[in-house]
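Novice: Generate coordinates for the entire structure from the input sequences, incorporating the hints supplied.
2 protein chains.
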Amino acid sequence: MITLYDVAREAGVSTATVSRVIHGQDRVRDVTRQRVNEVIERLGYVPDGAAQSLSRRRKEIIGFVCVESRARQYDVENMNLLYYDEVMRGVGAGVSDSGWSLLITYLNGENGQDFPRLRNLSGKVDGMLIGHAVVPSPLLARLTERVPVVVIAGAPGETTVDVVTADNRSGSAALVTHLIEAHGRKRFYHADGPAHVADLKERRLGLERVIRAHPGCRVIGSFPGELSVQSGVEAGESLLASHGASLPDAVVAANDQMAIGILQALTQAGVRVPEDVALVGFDDIYPGCLSDPPITTVHQPMRMLGERACIRLMDRMVRPGLRPRAEVLPVDLVLRSSCGCPPGTAMRLPVTPVRGSRLARTGNGAAGLSTADGVARTARAARPQRAPRSQPAEITES
Amino acid sequence: MITLYDVAREAGVSTATVSRVIHGQDRVRDVTRQRVNEVIERLGYVPDGAAQSLSRRRKEIIGFVCVESRARQYDVENMNLLYYDEVMRGVGAGVSDSGWSLLITYLNGENGQDFPRLRNLSGKVDGMLIGHAVVPSPLLARLTERVPVVVIAGAPGETTVDVVTADNRSGSAALVTHLIEAHGRKRFYHADGPAHVADLKERRLGLERVIRAHPGCRVIGSFPGELSVQSGVEAGESLLASHGASLPDAVVAANDQMAIGILQALTQAGVRVPEDVALVGFDDIYPGCLSDPPITTVHQPMRMLGERACIRLMDRMVRPGLRPRAEVLPVDLVLRSSCGCPPGTAMRLPVTPVRGSRLARTGNGAAGLSTADGVARTARAARPQRAPRSQPAEITES
DNA sequence: GGTCTTAATGTAAGCGCTTAGATTCCAAAA
DNA sequence: TTTTGGAATCTAAGCGCTTACATTAAGACC
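Quick mapping for you: the protein sequence lines, in order, are chains P and C. Going by numbering that gives the first Met the number 0, the first sequence opens with residue 0, and the numbers climb by one from there. Going by numbering that gives the first Met the number 0, the second sequence opens with residue 0, and the numbers climb by one from there.
Calculated from the structure, these hints are not laboratory results. Using N, Cα and C, we set each Cβ at its ideal position, and we do this for glycine too. Any given hint could be a false lead.
Computed far set for chain C versus chain P, every beta-carbon distance over 10 angstroms [as the list claims (entries may be wrong)]:
(1) TYR4
(2) VAL45
(3) GLY48
(4) ALA92
(5) ALA194
(6) GLU236
(7) ARG318
If we take Cβ atoms under 7 angstroms as the criterion, some of the chain C residues that face chain P in the derived model are [to be verified]:
(8) ASP47
(9) ALA50
(10) SER95
(11) SER97
(12) SER100
(13) ILE103
(14) SER290
(15) PRO293
(16) PRO319
Specialist: Here's what the structure looks like:
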């Protein structure tokens, strides 16, 4: 292995000079620089990352923790991972902009039995990005005291750790408002996910608030699913079994995977979507636009979640000790045809934050409308595809 | 920051002892061990990765290089990335089994202008995994002289670097054989991808060989696409424009993305799949089973590609200097209904390697049949879903 | 009690790099 | 010629860990 010393010796200079040449900054005579560069090239020298990290007291690596699906073999539920893959791409972009690297760790379970590995990881990175609820809170805290940590997608009310998340509540409200006001749907079925997932709690809140605000509207049943296509199929079957005689007007699924499963089950049973029953998802993962009908959903800015989380983390590394904040990113309503909009519809509309969503406080251009009504109106008025976006909101928890 | 010295001092022992306690191996009196462990716990000590790497002369990190799609914003073509995401998951599994870490780097272009970053990366890892053609050959060679490198998915005939790839040729042959022998298709349209992609070259070879072996069969046209859904739509439109009057019997797409695009274009034009024209894809990315009809394709063992590449790399790090080898993994034929099989078909059949494919040499249970015929027969005989798999073939290039 | 053996622990030399501070060089000023 | 003030370069002290080797402690045995 070629070291700095080899280069220095060969070029007849000191290691300090070589180091300076490599980092380009300091004043080195041109002739010296040239000589050194030539030797570096000839010897194929590449600085050792570990030694650099040790010496600089900075690794320039950030860690990203994913949950590995339990089942290793190819499996439809891998689609779950689409979400994190997209987030990761955002992180990747954020990280490499600054020339840093991304260290990925796949955890096996969500229950934190892998904590020793995580802890160990914290010695290899300058900061960590973790999906919400991937690591139980108490363990998270222990991690936080070693390295800066930013949690991606979680409760916007979190006060103990930095969080970057999307405005799930407003998205859900916009979706339901659209179903009610644009398509006159009144009786809803809710294909929900696990009760404890923070994002879902918010979606539930959005849904309930809108329902309550519209007299005559109600939820006629719900299914406790688990966010997978398979689980969606089960939700669909359960729906048919319990409400087959009088179908709801619309099914609101906790995410797109479930919506896809539900669509399969309904179609299988000869129920037409959206004629017999409307259907909406959440997240806007790609396959959602492939089904027939394509699924109306809410676009989560997954990529941007990754990027913002990364930026937040970098900031925390520079100025540690600031009070944790939550950053809530705006979402878009994505109208396709499973909600009842005409076939061929493909519209993407910024969602106006609802009252109580973290975004609402800072507001954006259209803010001030009392609820998601604004969105429904916008929806009918076929705005241009790429409407101007509001800035993400920065809120200090207090 | 807490260091080993802090722990040693606090516990009243030497750093050597602490180090021994941490690594569990050496003989340390139980009482000492306990005392040290307690201090470690109390202080929340975590060893510094950089220092460990430097001292051990091993980083226990392997690098994985991806190509970042040029367009950063959300974009249907991200689906391209499904492939690498899946591979990466395999790599992740392989890596974490051994307790190592995975360093991801997103490159912007495929043309190697990012080489300095790559080169630098090689100083931070013990080995690298690179997608085929992501890095131009000459640059690859320069990388190889610094760290072990394994290329994923590429020409099985490669002799200058280690490669782990899938048996594209046999997969493609099996697909076309199935179309001919099970569904009597004779006139083919080929929606191809870029000419230089190694995997596609293999697929082309498989296609051509089977066509040639069946008198009366021929390719009536082809489209030079670029593996994206959009490109598939264009291929479909081009097909309709040039052969609308007398459609081919079947369209063979270079990958599933293109097949999906083609399906959209055909459906749009009122052409029925598979009644009017059969359609097949390649890769078996998840959304392929969501379309209507679901797309018949060839399953690439993406996850396993990642795992095997990882294993190969580990091996290379232990015993460098061995002659580069290619490892070709078997593929499965995935029958759904876009090929003409009845709706509801969902069958997965191991593909018998064709002559000339690298796998054929070592063969598997069914090897010895002269071509892919064996597959076609198997296909009709509705075997159990999970048939026993042959071992991947190890071939030393010579 | 002394000697020997072995288990337990300590000492200190790196690993390859960065960088503060010391030194040398060189040309302009005196 | 001698000063002198930068610019260019060098010296060497870490960074936090591992580990070969040295030392000490504790029995075992005579």
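Novice: Against this structure, judge whether each hint is valid.
Specialist: Going down the list of hints, with the structure as the test:
no.: 1; hint: TYR4; result: holds, 15 angstroms
no.: 2; hint: VAL45; result: violated, 4 angstroms
no.: 3; hint: GLY48; result: violated, 3 angstroms
no.: 4; hint: ALA92; result: violated, 6 angstroms
no.: 5; hint: ALA194; result: holds, 27 angstroms
no.: 6; hint: GLU236; result: holds, 17 angstroms
no.: 7; hint: ARG318; result: holds, 17 angstroms
no.: 8; hint: ASP47; result: holds, 5 angstroms
no.: 9; hint: ALA50; result: holds, 5 angstroms
no.: 10; hint: SER95; result: holds, 6 angstroms
no.: 11; hint: SER97; result: violated, 12 angstroms
no.: 12; hint: SER100; result: holds, 5 angstroms
no.: 13; hint: ILE103; result: holds, 5 angstroms
no.: 14; hint: SER290; result: holds, 6 angstroms
no.: 15; hint: PRO293; result: violated, 11 angstroms
no.: 16; hint: PRO319; result: violated, 12 angstroms
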